[in-house]
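> Sequence:
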Amino acid sequence: MAKFVSVVHAHDGVFDLDWLERILTPANALALQAWPSDVDLSIPIQDWGPQLARRMRVSHLSFADFGLSGGSGGGHMVTLLPELPHLRSLNVEELDAEFVDDVFDFVCCSKLTRLTLGSYSVPVVITTERALALTMWLKREPVHLLELNHCSFEEGAHLPTIHRLLDAVCRSPMESLVLTNMTFDSELSTWQPIPIASRRVTFESTPLSDTQAALLFRGLCKGATTHLHVNDMKLTLPGMASLSVAIADSPLQVVTVELTTMDGEGWGCVAKAIARSKHLRELYLLRTGLLDCDVAYIANALVNASSVRVVHVVGNAIRFAGAVALVQCLGRRRHALDELKMEGLAVSEDEAAVLQSMADGFPMLKRCVVTTNVAMHVAMQSF
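The sequence shown begins at 89 in my numbering and counts up one residue at a time.
Derived from the structure by calculation, the hints contain no laboratory data.
Please note that a few of the clues may not be correct.
As the list claims (entries may be wrong) - Below, in silico cross-link-like pairs of lysine-lysine (DSS-like), each with a Cα-Cα straight-line distance of 30 Å or less:
| hint | residue 1 | residue 2 |
| --- | --- | --- |
| 1 | 227 | 199 |
| 2 | 310 | 360 |
| 3 | 322 | 366 |
| 4 | 429 | 366 |
| 5 | 366 | 454 |
| 6 | 454 | 360 |
| 7 | 429 | 360 |
| 8 | 322 | 360 |
| 9 | 310 | 227 |
| 10 | 322 | 310 |
| 11 | 429 | 322 |
| 12 | 454 | 429 |
| 13 | 366 | 310 |
As the list claims (entries may be wrong) - Label pairs and their calculated CB-CB ranges:
| hint | residue 1 | residue 2 | range |
| --- | --- | --- | --- |
| 14 | 310 | 97 | 36 to 44 Å |
| 15 | 347 | 111 | 39 to 47 Å |
| 16 | 99 | 431 | 29 to 37 Å |
| 17 | 394 | 167 | 55 to 63 Å |
| 18 | 209 | 394 | 46 to 54 Å |
We put the CB at the ideal spot given by N, CA and C, even for glycine.
Taking the hints into account, I'd like the entire structure generated from these sequences.
Below, the structure is given as structure tokens:
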């Protein structure tokens, strides 16, 4: 089978180089999705690494097992990086602090096109030197993916250098930019936002003040981003207003709001943006705490949102009345809706059947899926 693919992915437990060499062809690159510990190998890891570099065309390397993989805190892996000329993708998380500078030095001079960097415990601190290394890499290489997880900026770092890094991140026409659990402080207070060139942008679990949210979301308005994922964010009403401006005035085509709750005024802002957008095609509201009163804003906005073709409302505490309002509003659109998915509604099985029958009767609704969360329905009967 290996002759029909260009990259073979080896996951945790697949570290036998002799066996891998038998199944790989000279044209195959190896994507190593885990890094071994001594107990996984029949030879010392300090010997296994050089053999890997000599015998395999390694295109991807991952060290992200919460400190359990590889022993030595990742030291053997970091030492090996310069010996992998075909490496284009690197995932480094939970690396011991003493080796982090070595990774940044490697990235600075590498030909990587995909980088995931961060931690799940102690944050990775981006110093002036580390910011400069990332900036040089972003300006030189055709980066496809940058994911920063649980990173912060060093207090007292050289602000112009940090700003140049932020500029480079925004200007790089990458496929995907993911910022997870990032901590911004004074770095954004004097930064002038520029359009974001990344096609896909994800903000996840990143606390933003109203000013910070306005600056980052403003970068979407005149940028090239078509897919936005806002996941587990704590945004105030002004923050939601900034997000709404981005939805309305940017080229966003797909917007996903997940595990991000807001009050009725916040949903009102989002609804107005949906109605104004000329580019939005797909809307996903996943476990956002939507109630009947909130979904009414969205339902009314979607009536005239002619560009929207797909709507998923999943895992929200929407009762029968709210679901009926959504189906009826979408059913009376003048423009067809390709798909409406309402999953995990707080309705009974009989009510779900009524909703499905109602949706099937609207010719403008091409496909509708309705499922119920019986446990939620029972729990909400007491309210």
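> Each of the hints needs a verdict: does it hold here or not?
Hints, verified against the model:
1. 227 x 199: holds, 12 Å
2. 310 x 360: holds, 19 Å
3. 322 x 366: Judged against 30 Å, a Cα distance of about 27 Å means the pair holds.
4. 429 x 366: Given pair residue 429, residue 366 holds - Cα atoms ~22 Å apart, limit 30 Å.
5. 366 x 454: holds, 21 Å
6. 454 x 360: holds, 25 Å
7. 429 x 360: With Cα atoms ~21 Å apart, residue 429 and residue 360 stay inside 30 Å; holds.
8. 322 x 360: With a Cα-Cα distance of about 20 Å, the restraint between residue 322 and residue 360 holds, given a limit of 30 Å.
9. 310 x 227: Between residue 310 and residue 227 the Cα gap is close to 20 Å, so the pair holds against 30 Å.
10. 322 x 310: Holds, at roughly 24 Å.
11. 429 x 322: The hint holds at about 25 Å.
12. 454 x 429: holds, 11 Å
13. 366 x 310: holds, 14 Å
14. 310 x 97: 36 to 44 Å: At roughly 38 Å between Cβ atoms, residue 97 and residue 310 fall inside 36 to 44 Å, so the hint holds.
15. 347 x 111: 39 to 47 Å: Given a distance of about 40 Å, which is inside 39 to 47 Å, the answer is holds.
16. 99 x 431: 29 to 37 Å: holds, 30 Å
17. 394 x 167: 55 to 63 Å: Holds: the Cβ-Cβ distance is about 57 Å, inside 55 to 63 Å.
18. 209 x 394: 46 to 54 Å: At 47 Å between Cβs, range holds.
The structure meets every hint from the earlier list without exception.
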